[in-house]
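Novice: The lines below spell out each chain.
Number of protein chains: 2
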Amino acid sequence: MMKKIPVIEIFGPTIQGEGMLIGQKTMFVRTAGCDYSCRWCDSAFTWDGSAKKEIRQLTALNIWRELQQLGGDRFNHVTISGGNPALIQALGELVSLLKQNGIRVALETQGSRWQEWFYEIDDLTISPKPPSSGMKTDFHVLDDIIFRLTKKEKQGVSLKVVVFDDADFSYAEMVHKRYPHIPFYLQVGNDAISSNDESMLRTALLDKLNWLVEKTVQSKDMNDVRVLPQLHTLLWGNKRGV
Amino acid sequence: MMKKIPVIEIFGPTIQGEGMLIGQKTMFVRTAGCDYSCRWCDSAFTWDGSAKKEIRQLTALNIWRELQQLGGDRFNHVTISGGNPALIQALGELVSLLKQNGIRVALETQGSRWQEWFYEIDDLTISPKPPSSGMKTDFHVLDDIIFRLTKKEKQGVSLKVVVFDDADFSYAEMVHKRYPHIPFYLQVGNDAISSNDESMLRTALLDKLNWLVEKTVQSKDMNDVRVLPQLHTLLWGNKRGV
Ligand code: SF4
Ligand code: SF4
Chain A
1 MMKKIPVIEI FGPTIQGEGM LIGQKTMFVR TAGCDYSCRW CDSAFTWDGS
51 AKKEIRQLTA LNIWRELQQL GGDRFNHVTI SGGNPALIQA LGELVSLLKQ
101 NGIRVALETQ GSRWQEWFYE IDDLTISPKP PSSGMKTDFH VLDDIIFRLT
151 KKEKQGVSLK VVVFDDADFS YAEMVHKRYP HIPFYLQVGN DAISSNDESM
201 LRTALLDKLN WLVEKTVQSK DMNDVRVLPQ LHTLLWGNKR GV
Chain V
1 MMKKIPVIEI FGPTIQGEGM LIGQKTMFVR TAGCDYSCRW CDSAFTWDGS
51 AKKEIRQLTA LNIWRELQQL GGDRFNHVTI SGGNPALIQA LGELVSLLKQ
101 NGIRVALETQ GSRWQEWFYE IDDLTISPKP PSSGMKTDFH VLDDIIFRLT
151 KKEKQGVSLK VVVFDDADFS YAEMVHKRYP HIPFYLQVGN DAISSNDESM
201 LRTALLDKLN WLVEKTVQSK DMNDVRVLPQ LHTLLWGNKR GV
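For the protein sequence lines, the chains are A and V, in the order given. The first sequence begins at 1 in UniProt numbering and counts up by one. The second sequence begins at 1 in UniProt numbering and counts up by one.
Hints may be right or wrong, so weigh each one.
One copy or two, either will do: identical chains are not told apart, so a pair holds if it fits within one copy or between any two.
[As the list claims (entries may be wrong)] Keeping only pairs whose Cα atoms sit at most 27 Å apart, straight-line, the calculated DSS-like set for lysine-lysine is:
| # | residue 1 | residue 2 |
| --- | --- | --- |
| 1 | Lys177 | Lys154 |
| 2 | Lys239 | Lys215 |
| 3 | Lys99 | Lys177 |
| 4 | Lys154 | Lys99 |
| 5 | Lys152 | Lys215 |
| 6 | Lys151 | Lys177 |
| 7 | Lys208 | Lys239 |
| 8 | Lys208 | Lys3 |
| 9 | Lys177 | Lys208 |
| 10 | Lys99 | Lys208 |
| 11 | Lys220 | Lys99 |
| 12 | Lys4 | Lys53 |
| 13 | Lys220 | Lys239 |
| 14 | Lys136 | Lys4 |
Bear in mind the hints are in silico, worked out from the structure with no lab data behind them. On a predicted model such as this, the values are computed, not experimentally measured, just so you know.
Can you build the whole structure from these sequences, using the hints too?
Specialist: So, in structure tokens, the structure goes:
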């Protein structure tokens, strides 16, 4: 019997808005629950109780059928996101099922928890949280996760740090130096997660991106990094399910 | 004695605004001259005579020194762009020199000409031009280039097609089907290459991106592709040298 997975949204096809696969056509499965509570979390509804009624307990097969219903023959890539999907052991069943059906799978997690099924993920983004989040990175755990992942040769893995201010940038430099061989992405923080004024939001995000590019250009420790905005926020503002 | 390379700009560090390395911190070397004359070329100054006085004949060593002067210890990546840099055999000397100095090298060309030094490029973007450009792709030449590149195992190569309209999108589908194993990027065309109104330009580009995402989402032939804007145009409008 298949185990249940707490799911808060399934949507797509759309494009991945951020990180190593920015622009990639994909479906999204968003799980409920997080062991963090970042100050600026842009998916707090997955863990703060506000969307409690939307959480469904689904088996891997339920999820796969819903993905097929929504996406038909118009997808071959699925992104699993949260919350922190790494809390959910049963996700391994979904990952296997997707892979058996020829689907490429991406996952994003903050790197606070290991799961054996990480090895089956094609594109794994580890996104440790900077000081502005209010969270503290457990580097023993993170070291261990990165170590396990780099043992496997063909694992697609990247680090991504969201940057809001100078302290966050210093944290990003430190993380990049600690794991210099992992492809590294800097992402502009979104200060205005509840704004409905799309044009103001766009301007604010692009100004922030400009600032982050300038910081990166000036830093000799950040030569081999990539700086990116969240495309979905530029496109669709703070809307959910796009 | 080193051969001369016609160069129209050298600038950076900045970020790569488009394609497979979007967001990557890099320096730019832009060569003069093109065998095409695309209707919407956003670097027509490299070939239309308007910036003739800016063209300098430089050796690989001259270029490397200028890169070091500009970038100091704040870069380890160089992007060679044009015009069509694939016209210039002598660029092989620059590529070798950069690689000897531990620099990663990216190159963009439309795929109308082969050079043996392509094999030394780390990240090669082939960007065949769609109908709206007014140009005609020579698929004999393109087939041959793709065939040579895929013989080498570790070559980083991608295809990128700029899309302005439905006919361009159909062309992109055809190219993607012809070379299904090459990572494929769709890029939003910039209709307003001479606009100085940055906010209007941003809105127009994001509306266009929205349209292209929707086309891609609906197409079952475009499941494994990535859709991207030009970040530098969103950030800095149509300015040169950023
Ligand atoms: S780790 Fe992610 S989902 Fe969890 S609180 Fe932080 S930003 Fe939100
Ligand atoms: S191939 Fe590139 S540089 Fe040459 S005319 Fe076309 S867009 Fe311009």
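Novice: Taking the earlier hints as the rules, which of them does this structure contradict?
Specialist: Failing hints, ascending: 5, 8, 10 and 14.
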